[in-house]
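There are 2 protein chains.
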Amino acid sequence: MTKIAVDCMGGDYAPEEIVKGCILAYKELGIESLLVGDEEKIKHILHREGFGDGLEVVHAPDAVQMQEAPSNVLKKKGSSLYVAGRLVREGKADGLVSAGNTGAVLTVGKFIIGSIEELERPAIGVALPNPRHKTVLIDVGANVDCKPLHMLHFAVIGHTYAEEILGIKGPRVGILSIGEEEGKGNELVRETYPLLKASKLNFLGNAEGRDIYAGTFDVIVCDGFVGNVILKASESLGFAVLQMIREEVQKSLMAKIGALLMKPALNNFRKKADFTEYGGIPLLGAKKPVIITHGRANAKAIRNAIKVANEFLTHHFNERLSQNLKSLIPQEVKA
Amino acid sequence: MTKIAVDCMGGDYAPEEIVKGCILAYKELGIESLLVGDEEKIKHILHREGFGDGLEVVHAPDAVQMQEAPSNVLKKKGSSLYVAGRLVREGKADGLVSAGNTGAVLTVGKFIIGSIEELERPAIGVALPNPRHKTVLIDVGANVDCKPLHMLHFAVIGHTYAEEILGIKGPRVGILSIGEEEGKGNELVRETYPLLKASKLNFLGNAEGRDIYAGTFDVIVCDGFVGNVILKASESLGFAVLQMIREEVQKSLMAKIGALLMKPALNNFRKKADFTEYGGIPLLGAKKPVIITHGRANAKAIRNAIKVANEFLTHHFNERLSQNLKSLIPQEVKA
Chain A
1 MTKIAVDCMG GDYAPEEIVK GCILAYKELG IESLLVGDEE KIKHILHREG FGDGLEVVHA
61 PDAVQMQEAP SNVLKKKGSS LYVAGRLVRE GKADGLVSAG NTGAVLTVGK FIIGSIEELE
121 RPAIGVALPN PRHKTVLIDV GANVDCKPLH MLHFAVIGHT YAEEILGIKG PRVGILSIGE
181 EEGKGNELVR ETYPLLKASK LNFLGNAEGR DIYAGTFDVI VCDGFVGNVI LKASESLGFA
241 VLQMIREEVQ KSLMAKIGAL LMKPALNNFR KKADFTEYGG IPLLGAKKPV IITHGRANAK
301 AIRNAIKVAN EFLTHHFNER LSQNLKSLIP QEVKA
Chain B
1 MTKIAVDCMG GDYAPEEIVK GCILAYKELG IESLLVGDEE KIKHILHREG FGDGLEVVHA
61 PDAVQMQEAP SNVLKKKGSS LYVAGRLVRE GKADGLVSAG NTGAVLTVGK FIIGSIEELE
121 RPAIGVALPN PRHKTVLIDV GANVDCKPLH MLHFAVIGHT YAEEILGIKG PRVGILSIGE
181 EEGKGNELVR ETYPLLKASK LNFLGNAEGR DIYAGTFDVI VCDGFVGNVI LKASESLGFA
241 VLQMIREEVQ KSLMAKIGAL LMKPALNNFR KKADFTEYGG IPLLGAKKPV IITHGRANAK
301 AIRNAIKVAN EFLTHHFNER LSQNLKSLIP QEVKA
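From first to last, the protein sequence lines are chains A and B. Mapping the first sequence onto the working numbering, position 273 (from 1) lands on 273, and the numbers just tick up by one. Mapping the second sequence onto the working numbering, position 18 (from 1) lands on 18, and the numbers just tick up by one.
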């Protein structure tokens, strides 16, 4: 049976909420986790929740801290994150979920678990909301200083994610640039463009920043530096907008009443807009699903992350990705 | 007397709103424009508005279209934009305002007007709103494929803009990267970091995407590719958020009433958030002020753009920029 290794010591509410999330995933979805971390603490929570020996626990004496340099995890072989990654690598677990130090989870994904054979590098894809549906932005931080071939791979990974997980057939793929016409953009974009054009992807050409939230593309490819700053800028813009609106609202009683009446609608919007609600961010192209959830993840978010990890398995994501890397990229480009 | 050359044939509402904007700038602020474009049409509007021969008109038989390739402007020597740029270069006007094809205005700024002696390239800086004040993001599209020295120059330009125009003393400067620590980021960032550190700028280190709208830095430096996609993504996110909220609001009568009550507060916010309200985007470091306004600019926006161009002159922006380039950058870096 499928088992997802869960780093029980990572995240702001670890181990309490993480363990509860594993219980939820088992009770509500029937998905088993391998709970990795401080055995005593984890078992205490399991017992208290009436889940005595229902879920397997693997002891790890150490934990990676949120503020620690990500590469440290490779030296901290007793950390829950490292142990969880090792269990996946050794085939004792089928996927990894962690709410811990994002960079460290990435490091484990890239260097302990590694990428599928056809890929040089895995990439992080996020499904960003737009008024029509969702757009996959890839890569948003796993890789800086990319080469054109990496970008082509990101496109195929994003295509596979859109098709297999988001259910978008024949996803429209673009490369993020400035200016719409071929030949516009920086060196990396100009060199990647012909590779995408020669591929069998549904490549529409350059996408611009404004396309990210407009629903005009299903997959937008960029290097991890650009994707990461866009993602973080977007989050920060969201917060700034809310705060600035709040300040304006505070100046008027009418507006305060209005805000109160609008609250349920705004909450609905917020749920749709928060891409972390869907169970975290996947490192795509790793040998087994790796799901990075928000540090603030509660039990429900962990349950959702376990669900997403399981979905990648039941949808045979990696098998489809391998096939797509072979069938969508012409032979001469691969060489 | 100071005269700003205004491209009267560029923008969605040209020449009508552009000419009216020049009249407003003269009537309300006492700033004279040189109106460049179809003489007959411009004079017709001036006469109709009771402004017969009050403002000088320079005829230009042609116009650059919005969808035209920006570089075309260099061949279209009879276009209002080219003529306006030429007047500035020849010293017959002291600045340029255009609501036309952004890329073409940039081309004129870079190649007809050119940058001040100490700079290799001018850059576009935008003052983005945040709950505390404003943050200058520079460059947002004038330069792709930058070198570390360009980035250092952008920092000094941004510093000067923040000090002289936004009134921020000792602006906190950061370089946009992924990860806070020195050594994080792509090659360009890693190579620029020591130059910024060695400068006399108030350099705080790496800024992350989340800092752009958080008010934690006054100036954030990035290459024009990255800045442009962030700027356009932000605008598009704003639209998407409004549309998604609108859809949620439509589902409930209460929310509809709430939205109505909140409207004045939301409009206030929108005014604060819309950086184009302040009179357009400046190309900083050009020999004379070049202000690019939105294609949708109306008379008031043009008036504001003329005002901003004039501010750069009265604040002696270029003189201060030259001084800063000399005094804030150590001799060994310049060489």
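A hint or two may mislead.
Since the list gives no way to pick one copy over another, a pair counts as held whenever it fits inside one copy or between any two copies.
[To be verified] Subject to a maximum C-alpha distance of 27 Å in a straight line, what follows is the list of computed DSS-like cross-link-like pairs (lysine-lysine): (1) K147 - K307; (2) K200 - K300; (3) K169 - K256; (4) K3 - K77; (5) K263 - K251; (6) K43 - K256; (7) K76 - K184; (8) K263 - K197; (9) K169 - K200; (10) K3 - K197; (11) K147 - K184; (12) K41 - K271; (13) K110 - K184; (14) K263 - K27.
Honestly, the hints are just simulated from the structure, not real lab data. Only a predicted model underlies this, so the values are computations on that prediction, with no experimental measurement involved.
Cross-check of the supplied hints:
{"no.": "1", "hint": "K147 - K307", "in the structure": "neither (33 Å within a copy, 45 Å between copies)"}
{"no.": "2", "hint": "K200 - K300", "in the structure": "neither (39 Å within a copy, 49 Å between copies)"}
{"no.": "3", "hint": "K169 - K256", "in the structure": "neither (44 Å within a copy, 36 Å between copies)"}
{"no.": "4", "hint": "K3 - K77", "in the structure": "within (21 Å within a copy, 70 Å between copies)"}
{"no.": "5", "hint": "K263 - K251", "in the structure": "both (18 Å within a copy, 13 Å between copies)"}
{"no.": "6", "hint": "K43 - K256", "in the structure": "neither (47 Å within a copy, 50 Å between copies)"}
{"no.": "7", "hint": "K76 - K184", "in the structure": "between (45 Å within a copy, 21 Å between copies)"}
{"no.": "8", "hint": "K263 - K197", "in the structure": "neither (46 Å within a copy, 46 Å between copies)"}
{"no.": "9", "hint": "K169 - K200", "in the structure": "within (14 Å within a copy, 54 Å between copies)"}
{"no.": "10", "hint": "K3 - K197", "in the structure": "neither (40 Å within a copy, 49 Å between copies)"}
{"no.": "11", "hint": "K147 - K184", "in the structure": "both (17 Å within a copy, 18 Å between copies)"}
{"no.": "12", "hint": "K41 - K271", "in the structure": "neither (32 Å within a copy, 53 Å between copies)"}
{"no.": "13", "hint": "K110 - K184", "in the structure": "between (32 Å within a copy, 17 Å between copies)"}
{"no.": "14", "hint": "K263 - K27", "in the structure": "neither (32 Å within a copy, 46 Å between copies)"}
Violated hints for the displayed structure, listed by number in ascending order: 1, 2, 3, 6, 8, 10, 12, 14.
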